[in-house]
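Trainee: Given next are the chains, with one letter for each unit.
Protein chains: 2
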Amino acid sequence: MFRNFRMISSVVFGRGSFNQLDDILSAKRKDAFMVFLVDDVFKGKALSGRVPAKEGDLTIFVNVDDEPKTKYVDSLVAQVKGHASGLPDGVIGIGGGSTLDLAKAVSLMLTNPGSAADYQGWDLIKIPAVYHVGIPTLSGTGAEVSRTTVLTGPTKKLGINSDHTVFDQVVLDPELIAGVPKDQWFYTGMDCYIHCVESLQGTFLNAFSQAYGEKALELCRQVYLEDWPDSDDRLMMASYFGGMSIAYSQVGVCHAMSYGLAFVLGVHHGIGNSIVFDYLDAFYPEGVAEFRAMLEKIKIELPRNITKDLTEEQLDTMTNVAFGLAPLWENALGKDWQTVMPKERIKELYRRM
Amino acid sequence: MFRNFRMISSVVFGRGSFNQLDDILSAKRKDAFMVFLVDDVFKGKALSGRVPAKEGDLTIFVNVDDEPKTKYVDSLVAQVKGHASGLPDGVIGIGGGSTLDLAKAVSLMLTNPGSAADYQGWDLIKIPAVYHVGIPTLSGTGAEVSRTTVLTGPTKKLGINSDHTVFDQVVLDPELIAGVPKDQWFYTGMDCYIHCVESLQGTFLNAFSQAYGEKALELCRQVYLEDWPDSDDRLMMASYFGGMSIAYSQVGVCHAMSYGLAFVLGVHHGIGNSIVFDYLDAFYPEGVAEFRAMLEKIKIELPRNITKDLTEEQLDTMTNVAFGLAPLWENALGKDWQTVMPKERIKELYRRM
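These protein sequence lines map, in sequence, to chains A and B. If you count the first sequence from 1, position 211 lands on 211 in our numbering, and the numbers rise without skipping. If you count the second sequence from 1, position 100 lands on 100 in our numbering, and the numbers rise without skipping.
Hints in this document: simulated from the structure, not taken from any laboratory. If you're wondering where the values come from, they're calculated on a predicted model, not measured in any experiment. Wrong hints could be hidden among the right ones.
For identical chains, the list gives no copy identity; a pair is met inside one copy or between any two copies.
[Claimed, not checked] Cut-off 20 Å, straight-line C-alpha distance, at most; resulting in silico cross-link-like pairs (PhoX-like, lysine-lysine):
id	residue 1	residue 2
1	Lys-126	Lys-30
2	Lys-28	Lys-126
3	Lys-69	Lys-81
4	Lys-54	Lys-308
5	Lys-182	Lys-45
6	Lys-69	Lys-343
7	Lys-182	Lys-343
8	Lys-157	Lys-54
9	Lys-347	Lys-299
10	Lys-81	Lys-335
11	Lys-335	Lys-71
12	Lys-81	Lys-71
13	Lys-28	Lys-43
14	Lys-45	Lys-71
15	Lys-308	Lys-28
16	Lys-69	Lys-347
17	Lys-347	Lys-71
Using the sequences and the hints, build the whole thing.
Mentor: Printed below as a string of C-alpha cells:
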C-alpha cells in the first residue's frame, strides 16, 4: 500500500504575492469573518500593517516562543468562538512553522468537538476544517505542505495527522523571509537539509520522494554554499520540495536523536538537528562534511557541551526516547539496526554533545 | 499578479499502486455509478481486466487515434447520461494524455450545460466537475497535472482551461507505462524534455517553475541517455514535474512552430516537437545537441522532408499560425522577437523540415 498523498489545493509563488491575499480571501468571504493568526514578532512591524483584515475580522498575534501546546490551541479556538457567533470563513496563519501549525490546528478544532489533545495521532479528525491558508515567513520545516500540526499535549508531543490538516491555500512570497535572523534562518534551513540527507540515504524511498528530496538538497546547497541573488526564493522552494519529499520517505538517525534532546532539554527542532548531525560522520559522512562547510561559510557556532550537566538517569531517558523510534532507525540502518545501534552507542554519542 | 496554481487533491505514486484504485473509489462511491474511460489500445489486454468496475458501472473504451474533439466529448457525455439517471459518482480516465483529457472534459460537461465547444477558452466553466481521476499509461505530456484539456472544436483547437479541470486524484503506477512502443515512448518523453528546455531558457520564469523544470530535465536525461533500472519511475516523475513547471513559465520557439505543423499537416504534438526541435540549433544549441544524443542512443529516425509537397500557400498558413503565438516568441526571444524572427525566417525553417 502506497500513501495516498493529500496536497494543498492552491499555491501562489512569487515576490510580492502576499499582496494578492486580499483578492484570494475575497473569493472565500461569505457572511462571516476571517481570522488572522500572526506571529507576534511582527507586532508593530510593517507586515502586520499589510494584513488585509476587514471590519469584523479577528487578528490575533500568537506567541510561539515555546512550541505550540494543545492548551494554547484550545484557548485560541475559544477566543475565535467568542468573537462572533458562527464559524469564520477562514483562518490564515502568517509566520514560521509553529504559527502555521497553530493555524492548522485552530481551523480543525473550530469544526471538531473537544480539545486538540483528543486528536493527537493519525486520522482521528472526522470533520473537515474551516478553510485555512498558510503564509510562511520562515522556510525549511515544510510545515506549509505537511499533513500534520505538531503539538505538545498533556501526555505527549504528537501531531494531528490528517488529510484535513493540509492547507487549502498557500502563499509563498520570498520577500517575507528576507529579514529572518541569521541563526534562525540557518537552523530552519538545516531542518530541510538534514531531513533530505536522511531520507535519500534511507531504505524507504521511491522515485517521487527521491526527485523532490534531491532537488531540495541541491537548492539548500545553493543557499548555504553559494551566492545567488534569489537565494530566498530558492530556500522557499527547498522547504516546499523537502516537505513534498516526505510523502514516501522517512527520516533517520539525526531526527531520532534530536527527539531525545528535545524531550529532556527542550531543544528546538532545527537547532537540535544541527547539534546532533555534527556527530554523525559515521552514518552520513558526505552530508556531515557538507554541513560543516555550510557552518563555516555562514559562520555559525554550534552550541557545545549541552549534555555535560545531565545525570545518568537523564541520559538514559534521552537514549530511550531516541531508541524507541524504530521506524527511523530501520530506515537508516536496515532491519538489524539494533545490532548497529545498541543503546550504549546512542548514549555515548549524547555524552559528546 | 502571480497565478494561483490549482493542484491535484491527492496523488498515489508507486509500482502496483493501480491495485489501490478499488479502495480509493470505494470511499467516493455513493449510490450512483463510476464511469471508466479506457484507451482502446487496452481492449482485451490484461489492464482492462484489472479495471475495478462493479455492477452498474460503465466502462467505455475510447479511441484517441485522432486528438480529442469536442463532438466526441459531447457524444461520450450523452452516453453516460443515457446509462442511468443522475450523475455518476466519478469519471476515471486510464490512458495517455488524450484519454486523460477526455476524462477531464467528460467530468466537466456532465455538470455544465451545452457543448464542450462552448467552454474552449479560459475560466468559462462555472460549475465544479464530477469527481475525476487520472491514471496515465504514457508519460511526458504532463496531462495528469494540468488545468487544461486540449480539444479540437468546430472553429478552433483550444483547451478548456479551468481550475475545475484539474484531477481530484491521480494514480501514478510506473508499471503501467512499461509496454509503450519505443517511438511513442520517446516522442511523448520529448514533449517534456523540449518543454523544459524552452521554459528554462525563457524570459518568463521564477524559482518555482525553475526547480520543477530543472529536475524534470535531469530525469529526462537519466531516462534517455543513461540506464537506470527504474527508468519508468523516473519518466513518470519527469512528466509530473514538467507539468508542474508550467505554473510560472511558457514554452518557446519549438512549440510555436510545432503548432504550425499540426495545423496544416495534422502532425501529433510529441512527434511534431521533435521534428521541429532538430532544426533549432540557433535558439537552443545545448538542448538540441543533447536531444540528438538521445535520438542516437534510443535509435530513433526522425521523419524528414515532411513539408516538401506543401504549396507556398500552405507554407504561409503554417508560418502565420506559428507567428501568431506571440507569448511563446516573446518568452523565447524577448520583446523584440519580430526582428529576430521575421516570417520569412520561420518559413525558411519549415522548408527544411
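Trainee: Next, verify each hint and record whether it holds.
Mentor: Hint check:
1. Lys-126 / Lys-30: Classified as between; 18 Å across copies, 24 Å inside a copy.
2. Lys-28 / Lys-126: between (23 Å within a copy, 15 Å between copies)
3. Lys-69 / Lys-81: within (19 Å within a copy, 52 Å between copies)
4. Lys-54 / Lys-308: neither (52 Å within a copy, 65 Å between copies)
5. Lys-182 / Lys-45: Cα proximity of Lys-182 and Lys-45: one copy only (19 Å, versus 59 Å across).
6. Lys-69 / Lys-343: Classified as neither: same-chain Cα gap 30 Å, cross-chain 66 Å, threshold 20 Å.
7. Lys-182 / Lys-343: Neither: 35 Å inside a copy, 53 Å across copies.
8. Lys-157 / Lys-54: Neither: 36 Å inside a copy, 44 Å across copies.
9. Lys-347 / Lys-299: Neither: 29 Å inside a copy, 58 Å across copies.
10. Lys-81 / Lys-335: neither (49 Å within a copy, 54 Å between copies)
11. Lys-335 / Lys-71: neither (38 Å within a copy, 57 Å between copies)
12. Lys-81 / Lys-71: Cα proximity of Lys-81 and Lys-71: one copy only (15 Å, versus 52 Å across).
13. Lys-28 / Lys-43: For Lys-28 and Lys-43, neither the intra-copy (26 Å) nor the inter-copy (45 Å) Cα distance is at most 20 Å.
14. Lys-45 / Lys-71: For Lys-45 and Lys-71, the Cα distance exceeds 20 Å both inside one copy (27 Å) and across copies (57 Å).
15. Lys-308 / Lys-28: Classified as neither; 53 Å inside a copy, 56 Å across copies.
16. Lys-69 / Lys-347: neither (29 Å within a copy, 67 Å between copies)
17. Lys-347 / Lys-71: neither (33 Å within a copy, 70 Å between copies)
The earlier numbered hints that this structure contradicts are 4, 6, 7, 8, 9, 10, 11, 13, 14, 15, 16 and 17.
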